[in-house]
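J.: Each chain is listed here by its residues.
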Amino acid sequence: MKQMSTMRHILRYLKPYWFYLVCTIVLAVFSVAAQLCIPYLVGLGIDTLLGAGAVQFEALYRIFVLIGVCIAVAAAAQWLMSLCNNRIAYSVLADIRSEAFGKLGTLPLSYLDARAYGETASVIISDAEQFSDGLLLGFTQLFTGVATILGVLVIMFVMRWEVALAVVLVTPLSFFIAKYISTHTYAMFKRQAEARAAQTAFIDEAIGNLKVVKAFSHEKENEEQFAVYNDALSKASVKATFFSSTTNPTTRFVNSLAYALVALIGAFIAIATAGSATPFTAGQLSSMLSYCTQYTKPFNDISEVVTEFQNAIACAARIFALIAEEDEPSDAGNEALSHPRGEVCLRDVSFSYRPGQKLIEHLSVDVAAGKRVAIVGPTGCGKTTLINLLMRFYDVQGGSITVDGKDIRTITRRSLRAGMGMVLQDTWLKRASVRENLCMGAQVTEEEMIAAARAAHAHSFIRRLPQGYDTVIGDEGVLSQGQKQLLCIARVMLCHPPMLILDEATSNIDTRTERKVQDAFQRLMEGRTCFIVAHRLSTIENADLILVMKDGKIIEQGVHGELLRRGGFYAKLYHAQFME
Amino acid sequence: MRHLISCLKHYKKEAILSPLFKLLEASMELIVPLVVAQIIDVGIPAGDRWYIVRMCLVLVGFGVLGLGFALTAQYFAAKAAVGASAELRTRLFCKLQSFSFSRIDHMGTSTMITRMTSDINQVQSGVNMTLRLLLRSPFIVFGAMAMAFVVDVQVALVFLAVIPLLAIVVFSVMGACIPLYQQVQGRLDMVYLSTRENLAGVRVIRAFSLENKERKVFSERNAALRRAQGRAGIVSALTNPLTYILVNLAVIALLYLGAGRVELGILEKGDVYALYGYLSQILVELIKLANLIFTLTKAVSCQKRVGAVLDLEGEARLLAPAAETAEGAPDVTFDHVSFSYEGGGDQALTDINFTVSHGQTIGILGGTGAGKSTLVNLIPRFYAATEGKVLVHGADVKGQDPERLRGRIGVVPQKTALFRGTIRSNLLWGNEDATDEQLMEAVRLAQAEDVVAAKGGLDGEVAQEGKNFSGGQRQRLTIARALVRRPDILILDDSSSALDYATDAELRAALRTLDCTVFLVSQRASTVLHADQIIVLEDGRMAGIGRHEDLLQFCEVYREIYAAQYKESV
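Taken in order, these protein sequences are the chains called B and S.
Under the numbering used here, the residue at position 97 of the first sequence is numbered 97, and the numbers go up by one with no gaps.
Under the numbering used here, the residue at position 234 of the second sequence is numbered 234, and the numbers go up by one with no gaps.
Here chain S stands alone, though its shape is the one from the complex (with noise of 0.2 Å):
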């Protein structure tokens, strides 16, 4: 709850204001049945038809007025809600993205997306609901029952003994459904998972022919969806019948005992009147708030579910760094670097040792799964080293800011990403500062002109995730996207896998030229033949490092390699 009422807090004027409106509305209903109890036990035994017609009058003008609170109100209510949701949807947008890279993995981005849409829309129309009715609801009852002693402290006595049940019946049901509506989330989101794991693989599954199968699975997940709302709906259903025969039984009682009062002649037939009336208006109120715990209670758990993920911690951002870059210090220095992934068994990394100086040209070369993407990885810290340490000029990353860290690192993932605009939007991604040319001038390099020509130029419109790019058109430009920045280091994570070689050779000779140090990942040893450098890794650890001459020499791993894909030429 803590988030939502601090979201709240900036709508303090609207989130009270409605409140307040509905309450001066809901005073108006409850004069109401005082009037009528005045036209009967005055107006028509003394036949004052003027009286009569006065009273009226002010009835309606009780409604005139109660109209212009309760307009008022729902617009703060609306303004409220839709500002604390949106201010809500804000927080948890930077929170994901505060994420560090493990977190992420962990949690996945299918549940992060229904978090972010279908559950915060819930939490709206639960604020909305909150502000319009839930403090009427209680004011009304309360009211009522306040008013009833005012015409009657004995009877007024069944008023005491009714709202207390009913408070305990609506908790407890509300209690009871919201564990329930929790798992009707948790199900939804599993049949989210079906529908877009289907969209994202359908060329898999017609080609296994799995569409039946597919179908069975969402068809289970659905039905135990509906189950599970099923169960929650036998559970809220509850609230208006309970509610309905406290309130009832609570009428026979106050008959009987208005009776007694008649009797004595304490009270009138108008008073009694009176008192059935304020108990008729707190069974309405009770009505409208069972229809609303349905809302509420899904409400709140979706509230939970969002408020589970801003509980999470982000990466910190550091302002004043705790190492000082220096320099003239190696770009990169690997210090007995060992890394393992969250819960992912055995170490991904062990004991990594190197330094890179400025303008070197470092080749990663290895086997699937030997760690060559997780190396790189902790460069810009997207993982943070589990032993060792990781420094880059000079300093360690753990202590430096990651924003001015990456600021530096010019990245190309291998899951080629482009987002939707157009080329220029995408390419400013890197230095939105560029100009024109700098931006075409990473597109040279990229090899990617003719990529950009063929949209018509910078302006031409990019699809969402790039989907109107093939897979080498988009790693073109994601590699231009990174020299935008005009790194001081350049990653490469097996970023030319989809060029063919020519284009690639290209890509290489147009990389020497820059004044940057460059990580080549890579299975191709044409790729990294002329590096510096050459870390070869298999299982995690280095299984050699050195220029290409010397791991022919000394280097079994890498002769193996080579010899694989030149084994016409050695």
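Chain B extracted, bound-state conformation (with noise of 0.2 Å):
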């Protein structure tokens, strides 16, 4: 049942490229046509032959002709549909890639960060692939095949209808072995293929982190454990491997066996009708046996695509389960929230990311227009996931927040994220130039950019690489973390939002940098309302608000000076500073 309606999905797929369906389905006709007239008129040519002396060359000559016509049109038709299968099947390929991409920019976080990431890759990646495949063997093979069985089945026929009787008797036996032997590579295929994914994940934290391993010279447990999974993919690997290429030989025994039919019956069909007005000829016995195995040649081939389908379609079922997972909740039909002031309230927030597992309850806060606000507190208190909701890549389950009066659930994410400018404790770089890096999509000049990276003390150190503004990086690479972040910090500068996140942004920068950075951020902080979070108390000082979180909660807020003559727990975390 599930791979009927995995069957419509891919059906809608291949919609678009109708034509080039019904193209490859005629071709399919006029090749199969062709080829099929070829032993046909063989058997008439090894006819004329009648013995020494009395060879009829005229009629040889002309059936010479005849079967050149045939050649090209069988070989034109060939070379014309595999174009057009190569054309559906990658074309598919790359629909449902992009699609499965596209995805990638609406699915809600939580998705994204309960899976590994090498997971979701390959699905996008290798299942496709995988999937493109047996479309295009399927393609290649089916329609060929299937024209094949009826071309033949009416020849022999017509040619000799005890014959074909008997033929087509075998076949079933040829379609029960194959049935029998697809259910059982199914099962095996996805042992495979979960075997697979397991070590891909592996191969994905244990390649993607290999500094760490070395590090710690773990290369030799990881190598054991890399075995472990090696062995595991290694046994699926084998029975799926092995059971399904015991479809071709098994269907080609049933074929010798059919063929063993034929000869028979035709021989004695032959030895029958010797000397009577319709003689059943050695050609047309030769045609009839060359028939029987292009006739069960396509059995052949058909089996082996449905085992091969089988994989497809499990591929398959996994993309289109990716893309039929629920998208964040739409904001068609919001309004845009248009150059807004920046007032920021949270009302009676609460929030986890695993039911029964609390972590943000009943938070209010309300933060005017241009003020400061930072956030103290423990690690693990809650300060990430205040951003996670500020920024709405979770939505807040009891409560609501607003900006400028606005329920943040009512206005479009584009223009919300549009109004905060974020710079993130994890910085993350593309592999493209560092000028695509900072200017990320937006228009400016390239005086703007400059002057951004300077903002950020980023210029000097970026006119020092390679190829300088247009030096390649990447997310692992010879940029230091703190110079990841000054692009990062100077990217945001460039987009002058009214709202701004700082998560530790300045936790790599050293101070003396720091307080550079600061002068250009104060500039940038005039007028806009900013949620910066922090460890280093020196940045938060001038806050206009500071809220010191703890579990969850806000236990004190107040400005520097204020809760420092309270006495509690930021007083603590101050002095700590000082310590020794």
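It should be emphasised that the hints constitute simulated quantities derived from the structure, not laboratory data.
Note that this is a predicted model, so its numbers are computed, not measured.
Keep in mind that the hints are not guaranteed to be accurate.
[Claimed, not checked] With a Cα cut of at most 25 Å, we get these calculated BS3-like pairs of lysine-lysine:
| id | chain 1 | residue 1 | chain 2 | residue 2 |
| --- | --- | --- | --- | --- |
| 1 | S | K304 | S | K95 |
| 2 | S | K467 | B | K211 |
| 3 | S | K467 | B | K553 |
| 4 | B | K371 | B | K553 |
| 5 | B | K358 | S | K455 |
| 6 | B | K103 | S | K467 |
| 7 | B | K15 | S | K216 |
| 8 | S | K415 | B | K211 |
| 9 | S | K9 | B | K235 |
| 10 | B | K211 | S | K398 |
| 11 | S | K288 | B | K179 |
| 12 | B | K239 | S | K9 |
| 13 | B | K211 | S | K389 |
| 14 | B | K103 | S | K216 |
| 15 | B | K550 | B | K572 |
| 16 | B | K235 | S | K95 |
| 17 | B | K550 | S | K455 |
[What the hints assert, rightly or not] Just the calculated beta-carbon pair ranges, DEER-fashion:
| id | chain 1 | residue 1 | chain 2 | residue 2 | range |
| --- | --- | --- | --- | --- | --- |
| 18 | S | T90 | B | W428 | 26 to 34 Å |
| 19 | B | W428 | S | F171 | 46 to 54 Å |
| 20 | B | P279 | S | Y51 | 17 to 25 Å |
| 21 | B | H560 | S | G399 | 52 to 60 Å |
In this text, a Cβ means the ideal position worked out from N, Cα and C, and glycines have one as well.
Assembling the complex is the task here: the two chains are given apart, and the hints tell you how they should meet.
T.: Next comes the structure, spelled out in structure tokens:
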């Protein structure tokens, strides 16, 4: 049943290419018809060889011309058909990948956070690939296969129905075997896919963090663990590969039975009709035998297609599952937030990642436009979660968050996020030039870009890179954590958002540089609402409001001096700085 | 090919038996036309029904034998292909693990991962197909030709002419396809890169509302991939029609020559049929071969990509150390050390000199990009000094076995990475023989007791890359992991950045109770304030070295940093 719905999905992706589909079917018919004529013509040709001194050369030459025409038609049709099939398979692959990739932009973060990146990536890359391979094989073999079977049947019945009947009777055996094998292989392919996914996830982690592995000389242990995954995969693979490969020999065996049967019946008829008005000639028998192999061969191919298709459908099902995954609630129809003043209110907000594990509860804060809010507290107190909520990466589960009095669930995410500049603890850069990483798609002039880089104190080290602003950088490579962070800061500086979220943005920058960046931020923060999460107290002393968080709740709030005088949790944190 | 073949060596038996059984199966098939020729030339003209029945039973018998041989062959092929690629995967994995940090920087992990996964999968199906078909096909082709010579030498010359032509077609198409498929694979890498980046950077991408732009970039890369696939497809699709044309022209030639021989009374009808039968078999095999080429060219280019990695040099293990460590020698000495990253332009470190004796705490202070991480990365020889010498325990690190060298050093890197498993399995990385008490001791020192308690003890689950922990929690666990080792030298590379001041201070107090040399990389003056020596770096050069009081007096850069942070108290 599940397979059926997957099939329907697949058909939907094929729809735009119906023209190529029709072409490929028509071409299949042409190529098959031409190919089938040849054995018949050859049979006629052999019958002109009546014996020593009695060969009918005239008739033979006419037959040669006809064979030549058939060759040309068959070859041309075959080539064009392959092109159509490639076109369909690769286009569908590209379409599916695009859609699956597009999904990455709309899936809720809770879905993405819950899975290893490698798993999701493997669906978009390898599963899609295997699916298209299966599809391609299917098209190449299926249409010609079906056309060949039908064509041969017609010819055989016309030539000698008794022989044809015998062949038809053997066929179900072939089907039965293929069906039996493919049911068993499906389960094994599935096990193989699972073992492969587990290994890929391990590889992703182990190779992705190779430097740590090496720092701990943990290579040997990882090799051992890898061997375990590798063994499991090998076992599953041998089974899947072997069982799927039994289809061919067994159906070939059925073919040889059919072949022997045709030879037997054909020869008997030839003896019985010898000397009659319509003799069954040796040439006809050889054509019949040749048709017999041509008739049974497609069964071979089709059963091969069936096994391959099982695998393809299993892969397709995983892609469709990703595509069918529920999107973030749509914000179509929501109004766009234009030029917000930046007045942010949290009203009785509650949130947790996992039901039953409470995190933020009944949190309320009012932040007037242009105010600076510093959030401090021990690790794990919910500061990062607050950012997830403000950026609407996650939606609140109780209460509401408003910007300029509007519930953020009623405005578009795009406009909300455009209004908030964000620098995260985990710096992320894409593999692209420094320039692209800084502009992030915004239309800015060269001068503006350099000015922002200068303001973030990134200009001097960028200039020292081998190709300056055109140096291609990535998430790994020669830039230090701090340099990456400076780039992330420059990136936000270019956007001039009315609200800012700074999550430990300065934790990897030395105090000296930080002072300079602070200057730039001071200017940037002028008239803007800011949420600053930092452990460094010196950076938040001049905040308008300090929220001290612990265990998902705000336990103290106020300004620096006031909180210090109160001698509470904040004061304890502050004094720790000078503890020694 | 070298690597693949040496992997196959472990499966010599299977790799030889599989094609061998395929050959046996093929021989069964080759005899069939001869039997049929007998039926046509002997059975039918004589009207001998019993003879015909016997011949047909012979056909069935060959079928049964063929089935047996084929199944055996498939089994061995599957075993050899899976086994060899598992071996290849293991070797690749070991090779990747042996790479130096520069090599890792250079290569990038995403291409490493595709090579480990999809490339090797392609190789596996390639090997499987090769064992099953590639030897069978030439065997049938040449076998059919040999049989044709048995029937009639003169007509068989047609075979002799057409087979080289077929070989030329097949191999030139294959040759044209390989670079095209390499291009396809290269573009697939880019599609993979987009996918991974979008998963890893999902927050930033959404924050900048770049989903549509990223989709566009992906579409371009995706379309480029599709175009490359299309190009490769056009060429590889030529094989079938071309071979078809050649074989059927050969059929015409065969009929023509055969007709002449029959006219002369040298051949009979049945013989011509047998010859035609052999040509048909050649055609069938070639069609299979053509389909195989598709898989094979892909496999060959994937194999090349894997081989290219295997050909690279890993870090060598030195089992007989060239440099002897000496007891009582200073723990770490930098002797006029300079360093620049491969292809990284300017020098990252210039002329660094200092000596550290055992038990000292060394603070390394400096601006972003000043070279702090680079400096500590030279101690366990993650990178090798380009000039000068780094000595650990009195011996040049270049002459020490990396594994033994690193075994005595505990490193807490900037990037906090944990691995799927339990907290215990992660901590055991530091020392696999550690007892639970030792683990908890390290956890206590790293101020991570509450982290462990929150997850329900040492058996608490760790998700892939430690994603179920916050940044600060991960950081404390990575510190604990390094402490489990009870290292001689502990390197904390800005490892308390995600910790609040109170925890940071408690951590440093705990570290002072240990008998080991500690390198503290930091941007906070407060973190290194009490260090025995503070090395101040600026633009890769040492701007000063000494204790806090001396530096405050003599080092301009230090004064500036300190003042910035302690402006109230100065």
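J.: Are the hints correct? Go through all of them and say.
T.: Verification of the supplied hints:
{"no.": "1", "hint": "K304(S) x K95(S)", "in the structure": "15 Å, holds"}
{"no.": "2", "hint": "K467(S) x K211(B)", "in the structure": "18 Å, holds"}
{"no.": "3", "hint": "K467(S) x K553(B)", "in the structure": "23 Å, holds"}
{"no.": "4", "hint": "K371(B) x K553(B)", "in the structure": "21 Å, holds"}
{"no.": "5", "hint": "K358(B) x K455(S)", "in the structure": "15 Å, holds"}
{"no.": "6", "hint": "K103(B) x K467(S)", "in the structure": "22 Å, holds"}
{"no.": "7", "hint": "K15(B) x K216(S)", "in the structure": "23 Å, holds"}
{"no.": "8", "hint": "K415(S) x K211(B)", "in the structure": "10 Å, holds"}
{"no.": "9", "hint": "K9(S) x K235(B)", "in the structure": "19 Å, holds"}
{"no.": "10", "hint": "K211(B) x K398(S)", "in the structure": "18 Å, holds"}
{"no.": "11", "hint": "K288(S) x K179(B)", "in the structure": "22 Å, holds"}
{"no.": "12", "hint": "K239(B) x K9(S)", "in the structure": "21 Å, holds"}
{"no.": "13", "hint": "K211(B) x K389(S)", "in the structure": "22 Å, holds"}
{"no.": "14", "hint": "K103(B) x K216(S)", "in the structure": "13 Å, holds"}
{"no.": "15", "hint": "K550(B) x K572(B)", "in the structure": "13 Å, holds"}
{"no.": "16", "hint": "K235(B) x K95(S)", "in the structure": "23 Å, holds"}
{"no.": "17", "hint": "K550(B) x K455(S)", "in the structure": "18 Å, holds"}
{"no.": "18", "hint": "T90(S) x W428(B): 26 to 34 Å", "in the structure": "32 Å, holds"}
{"no.": "19", "hint": "W428(B) x F171(S): 46 to 54 Å", "in the structure": "47 Å, holds"}
{"no.": "20", "hint": "P279(B) x Y51(S): 17 to 25 Å", "in the structure": "20 Å, holds"}
{"no.": "21", "hint": "H560(B) x G399(S): 52 to 60 Å", "in the structure": "55 Å, holds"}
When each numbered hint is compared with the structure, no violation occurs for any of them.
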